[in-house]
Amino acid sequence: MVDDADAAGGPGGPGDPGLGGRGGFCGGFGSAEDKEWIPVTKLGRLVKDMKIKSLEEIYLFSLPIKESEIIDFFLGASLKDEVLKIMPVQKQTRAGQRTRFKAFVAIGDYNGYIGLGVKCSKEVATAIRGAIILAKLSIVPVRRGYWGNKIGKPHTVPCKVTGRCGSVLVRLIPAPRGTGIVSAPVPKKLLMMAGIDDCYTSARGCTATLGNFAKATFDAISKTYSYLTPPTSGKRLCSPSLLIRNSLTIL
1 MVDDADAAGG PGGPGDPGLG GRGGFCGGFG SAEDKEWIPV TKLGRLVKDM KIKSLEEIYL
61 FSLPIKESEI IDFFLGASLK DEVLKIMPVQ KQTRAGQRTR FKAFVAIGDY NGYIGLGVKC
121 SKEVATAIRG AIILAKLSIV PVRRGYWGNK IGKPHTVPCK VTGRCGSVLV RLIPAPRGTG
181 IVSAPVPKKL LMMAGIDDCY TSARGCTATL GNFAKATFDA ISKTYSYLTP PTSGKRLCSP
241 SLLIRNSLTI L
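According to full-length UniProt numbering, the sequence shown is numbered sequentially starting from 1.
These are calculated hints, taken from the structure and not from any lab test. Don't take each hint at face value.
Stated by the list, open to error - With a cut-off of at most 16 angstroms between alpha-carbon atoms, the simulated EDC-like pairs for lysine to aspartate or glutamate come out as follows: (1) LYS188 with ASP219; (2) LYS150 with ASP198; (3) LYS153 with GLU123; (4) LYS85 with GLU123; (5) LYS35 with GLU69; (6) LYS188 with GLU82; (7) LYS102 with GLU82; (8) LYS48 with GLU69; (9) LYS189 with ASP219; (10) LYS189 with ASP81; (11) LYS153 with ASP197; (12) LYS42 with GLU69; (13) LYS42 with GLU67; (14) LYS48 with GLU36; (15) LYS102 with ASP72; (16) LYS53 with ASP72; (17) LYS215 with GLU82; (18) LYS160 with GLU123; (19) LYS91 with ASP81; (20) LYS188 with ASP81; (21) LYS160 with ASP198; (22) LYS35 with ASP72.
Remember, it's a predicted structure, so these values are computed and weren't measured experimentally.
Produce the complete structure using the sequences and hints provided.
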């Protein structure tokens with residue numbers, strides 16, 4: 001027969017040993033519950049009210065994305081993240097050395113969107129969570145093109161692009177269909193997550209520094225929409241911004 005104290009989860013009870021039913025670390029510590037998203041920016045309110053149909057509309061007007069939930073709203077199910085590296089960093093203080101952990105996380109949908117986040121924290125799990133949020137906020141669209149004849153779907157970068165971070169310089173070069181991604185493991189992972197199937201790469205500098213290597217590759221990928229090719233370089237009529245069009249909605 002079970003005592004009343006044990007049944008109520010008292011001291012020594014199976015529900016909460018030694019805490020008198022006040023709750024402790026045993027039941028779901030660190031588990032994140034799905035809460036309803038309450039947007040705090042004008043763009044977030046427009047997205048939640050279904051006034052904006054796709055991410056392309058946001059990038060068309062160069063609107064800054066300051067809420068990671070906006071990315072989850074459009075790409076939540078298709079996004080995949082991967083931790084590239086976790087490294088300890090130290091700072092010398094008067095009391096001794098302070099060690100923190102720096103996480104590099106890449107995120108993408110393998111179909112035209114890629115993001116890179118870097119976060120430093122005292123705990124590894126906190127650093128990874130923060131890096132994932134920053135990676136979502138830094139997501140950029142990736143423009144893909146052809147190496148030769150325009151047959152089938154775009155499979156490579158549209159032109160030669162170069163990215164730089166520190167001493168590392170990464171150059172992406174279009175490749176024929178079926179070539180694959182010819183590169184080191186770090187750029188290969190980022191290019192795959194961006195949805196690029198064939199690409200030649202050239203790297204110089206201290207590529208052993210993974211953070212700079214990844215940032216230089218991300219910089220090169222984000223420049224694919226910086227160059228206009230003849231079919232898309234014509235005049236375009238300017239339309240009012242999304243915030244202006246929906247000014248009455250977000251008040």
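Tested hints:
The suggested pairing of LYS188 with ASP219 holds, with an alpha-carbon distance near 14 angstroms, which does not exceed 16 angstroms. For the given pair, LYS150 sits about 14 angstroms from ASP198 by alpha-carbon distance, which is consistent with the 16 angstroms threshold. Between LYS153 and GLU123 the alpha-carbon distance is near 43 angstroms, which puts this suggested pair outside the 16 angstroms criterion. A distance of roughly 14 angstroms separates the Cα atoms of LYS85 and GLU123; the hinted pair therefore holds under the 16 angstroms criterion.
Among the hinted pairs, LYS35 with GLU69 is consistent with the structure: their alpha-carbon atoms are about 11 angstroms apart, no more than 16 angstroms. The straight-line distance between the Cα atoms of LYS188 and GLU82 is roughly 13 angstroms, inside the 16 angstroms bound, and the hint therefore holds. With a C-alpha separation of about 14 angstroms, the suggested pairing of LYS102 with GLU82 holds against the 16 angstroms cut-off. The suggested pairing of LYS48 with GLU69 holds, with an alpha-carbon distance near 10 angstroms, which does not exceed 16 angstroms.
A C-alpha spacing of about 14 angstroms is found between LYS189 and ASP219, which places the hinted pair at or below 16 angstroms, so the restraint holds. About 11 angstroms separates the Cα atoms of LYS189 and ASP81, which keeps this hinted pair within 16 angstroms; it holds. Distance hint between LYS153 and ASP197 is fulfilled; the C-alpha atoms sit about 11 angstroms from each other, no more than 16 angstroms. About 13 angstroms separates the Cα atoms of LYS42 and GLU69, which keeps this hinted pair within 16 angstroms; it holds.
At most 16 angstroms may separate the alpha-carbon atoms for a hinted pair to count; LYS42 and GLU67 meet this at roughly 11 angstroms. About 11 angstroms separates the Cα atoms of LYS48 and GLU36, which keeps this hinted pair within 16 angstroms; it holds. This hinted pair does not check out: LYS102 and ASP72 have alpha carbons roughly 24 angstroms apart, beyond 16 angstroms. Restraint check: the Cα-Cα separation between LYS53 and ASP72 comes to about 13 angstroms, which is no more than 16 angstroms; the hinted pair holds.
Of the pairs offered as hints, the one joining LYS215 and GLU82 holds, with about 15 angstroms between alpha carbons and a cut-off of 16 angstroms not exceeded. Taken as a hint, the LYS160 and GLU123 pair is broken in the structure, with Cα atoms around 40 angstroms apart against an allowance of 16 angstroms. Taken as a hint, the LYS91 and ASP81 pair is broken in the structure, with Cα atoms around 29 angstroms apart against an allowance of 16 angstroms. At roughly 15 angstroms between alpha-carbon atoms, LYS188 and ASP81 fall within 16 angstroms of each other, so this suggested pair holds.
Restraint check: the Cα-Cα separation between LYS160 and ASP198 comes to about 13 angstroms, which is no more than 16 angstroms; the hinted pair holds. For a cut-off of 16 angstroms, the pair hint linking LYS35 to ASP72 stands: about 13 angstroms separates their Cα positions.
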